[in-house]
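A.B. asks: These are the residues of each chain, in order.
There are 2 protein chains.
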Amino acid sequence: MTAEIISVGTELLMGDVINTNSAFIACELKGIGVNVYRISVVGDNSARLTDALKTAASRADTIILTGGLGPTQDDLTKETVAEYLNLEMIFDKSSWDNIVETLNKRGRPVTENNKKQAFFPKGSAILKNNCGTAAGCAVTANGVTYIMLPGPPYEMEAMFKNEVIPILTQKSDIRFYSKTLRICGVGESAVEDMLNDIIASQTNPTIAPYAKTYEVHLRVTASAASEKTARALAAPVVDKIYAILGDNIYGEDDTTIEDAAITLLRETGYTIATAESCTGGLLAARLVNVPGASGVFMEGVVTYSNEAKIKRLGVSPATLEQYGAVSEQTAKEMAVGIAKGSDTNIGVAITGIAGPGGETNGKNVGLVYIAIFLNGQVTVNEYHFTGDRTKIRDGSAQTALDMLRRVLWRLKRE
Amino acid sequence: MTAEIISVGTELLMGDVINTNSAFIACELKGIGVNVYRISVVGDNSARLTDALKTAASRADTIILTGGLGPTQDDLTKETVAEYLNLEMIFDKSSWDNIVETLNKRGRPVTENNKKQAFFPKGSAILKNNCGTAAGCAVTANGVTYIMLPGPPYEMEAMFKNEVIPILTQKSDIRFYSKTLRICGVGESAVEDMLNDIIASQTNPTIAPYAKTYEVHLRVTASAASEKTARALAAPVVDKIYAILGDNIYGEDDTTIEDAAITLLRETGYTIATAESCTGGLLAARLVNVPGASGVFMEGVVTYSNEAKIKRLGVSPATLEQYGAVSEQTAKEMAVGIAKGSDTNIGVAITGIAGPGGETNGKNVGLVYIAIFLNGQVTVNEYHFTGDRTKIRDGSAQTALDMLRRVLWRLKRE
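Line by line, the protein sequences give chains A and B. Each residue of the first sequence is one higher than the last, beginning at 735 in the working numbering. Each residue of the second sequence is one higher than the last, beginning at 735 in the working numbering.
Where hints are given, some of them may not hold.
Because identical chains cannot be distinguished in the list, a pair is counted as satisfied if it fits within a single copy or across any two copies.
As the list claims (entries may be wrong) - Cut-off 25 Å, straight-line C-alpha distance, at most; resulting in silico cross-link-like pairs (PhoX-like, lysine-lysine): (1) Lys946 to Lys962; (2) Lys905 to Lys764; (3) Lys827 to Lys850; (4) Lys1097 to Lys1074; (5) Lys946 to Lys849; (6) Lys1045 to Lys895; (7) Lys895 to Lys946.
Please keep in mind that the hints were generated in silico from the structure rather than gathered at the bench.
Based on the provided sequences and hints, a complete structural model is requested.
C.D. replies: See the structure below:
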């Protein structure tokens, strides 16, 4: 199977939006063994899209389009594909019901132009959109399957996983099995160095490392005539990787590092509270990403000012005076203070300089202290992050989660 | 002038790397009035690249290529362009000197394959690389200019600004001016409805709406012989849009909604504290996005549990018992409690059901109350968000920021 991806949207040609959709789709397609030889971007222009469809159809048997399914005049993907394939546009009642329901729920008016989103090229399979009003569709003509997906990544990604993957795997008789191992605390090149021999010697399964923000994901993909056989091929290689990387692997597949941390909190029966300065709530927000986190995450405070650190956390004014707000000592007192004040077993504190301003003598932008109070003991680590304000803050929250899950992991093993 | 962008690299087709280069280049080109009608990605494959060059040259007068200028065998952009244009590859002594110097500085060995990076299609202007060994080049043949740039964004971006922009502005005599108006609280189709007549009747400037997450951006772009004239063409249309959309517009160009809120807090001299339940710190983190927010943002608490709501915010147990944690009454008491406890003028509180669990009798996932305490008065709004946990939480934080900046805006005008 050979696929091409066409992203439709003038905003992409203007550079207003970075095309993350193509990377997502390419990555998913690789996981099920579909080759992508070409990715294109065209604007909201029917003639140019038709031109792109023509060229793509001459080379590929599967064309995946994203964008242009909205309610406005310049959304013309479905209409252009229908015209190119000489198909009528057909009204789909159940899509229309979903649109009305979604708009009602949001308290938005149902306008005449919303109706556009309920029309599809004749013969299409409708791809449900659980996150918005733009349903997708898939239609096959002259041996080429055209799959039309919405542009917003959130809607597109869910639709791709739930609706498109089943269609594509049905078309092929090779079955894939893949497992992603998620690593934090080791860089991509270090991971590659550690696994050099296995990566080089493996052809089935293949092992592919992906650098993510402060993480590395390692995807092991095996192919065979059945999923069972593919799974059996992958298993010993996964075991080998675990033996080498040990607890640098924090989880598998869709498990995030906050999932891993919350699960360990539940398993150990510990409760947690957070105190944040430069991250301003990012760590708490990551913990609350996990549904039901309230069972173990008692509370978080964002003490951005010194006053708040003193009043809410009991940090001593003398400590702030002598060592500064960004110091090992302050981090320690914040961690102890939040745990005591919230009556939790664990207190995690972050204080640092996210920039662009805030440098003081000897303390540079990127300097961050992370402290964990646990069982009467405090561990503090000093970090030097690089990049802009956002990157430093994201790195700090991520690293705090990594420290936390490592501490809990050791505790659980003991 | 019409340009196409071709990104070369198998890692892009595999989804391992997100194509940020194309967005950067497109954005830069827009700034100097060059239209981009197509962006493509091809792998490290000479035949497929030749194919892409042929198609692009039939449509555009400027082709910008990124990637494939490295020292290894699969780096073949310059070689493929030379072959396609039937040009010899010529050795450039000064580029070679730069390569040797750069490698020496980094303590890397100079190997035979590095020499590849000092060869360019005959007739090329060499584009200096101040950040690496891969020089770029520009060559014109049959009225089409081929600009070849390195793949690493850091090297490419510097080269584009320093070397490519001067070449391209020389070629064009049209100047552009554009302004983006940022809107929150009204959906994309409603914005279009309100502006239908202006959008339809305008050709210079053009008006383009972009749906963002819980926002709409409206870009007004004018072109003329000078930037001053372009600016003068845009101004009355921008005024008209302001007259229609009013304070639904929260800011211009790069101003985020948290920037707008923090600016208004500074202007009004008010201080703020936040109390969050389902958003778990997202609102605080958004405020702390703004460098120097500490002047007005005193503190935030994440009171995910009922205990924390009682202890930290003074929410009455009777209120929680009678109305539940997700209620107008609880939101109100949270907002009052955080403002009083933090001694700020303003308290913002969010409580809601982000799902997937947590539905109780009559209260569905997506129900969120946002309360703002200000000058002794509390305003509470009830919202019904759709989507998954992340979307509901992002929508809640965004909407709280929108409520906040609207309240402050009214205050400022009074």
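A.B. asks: Could you run down the list of hints and mark each one as holding or not?
C.D. replies: Verification of the hints:
For the identical chains of this complex, Lys946 and Lys962 are neighbours neither inside a copy (29 Å) nor across copies (42 Å), given an alpha-carbon limit of 25 Å. For the homomeric pair Lys905 and Lys764, the shortest alpha-carbon distance inside one copy (14 Å) is at most 25 Å, but the shortest distance between copies (41 Å) is not. Taking identical chains as interchangeable, the C-alpha atoms of Lys827 and Lys850 lie at most 25 Å apart only when both belong to the same chain, with a minimum of 12 Å there against 61 Å between chains. For a Cα distance limit of 25 Å, the shortest separation of Lys1097 from Lys1074 qualifies neither inside one copy, at 29 Å, nor across copies, at 34 Å.
Taking identical chains as interchangeable, the C-alpha atoms of Lys946 and Lys849 lie at most 25 Å apart only when they sit on different chains, with a minimum of 21 Å there against 40 Å within one chain. For the identical chains of this complex, Lys1045 and Lys895 are neighbours neither inside a copy (48 Å) nor across copies (43 Å), given an alpha-carbon limit of 25 Å. Proximity of Lys895 and Lys946 under a CA criterion of 25 Å is satisfied in both settings, with 20 Å inside one chain copy and 22 Å between copies.
When held up to the earlier numbered hints, the structure conflicts with 1, 4 and 6 and fits the remainder.
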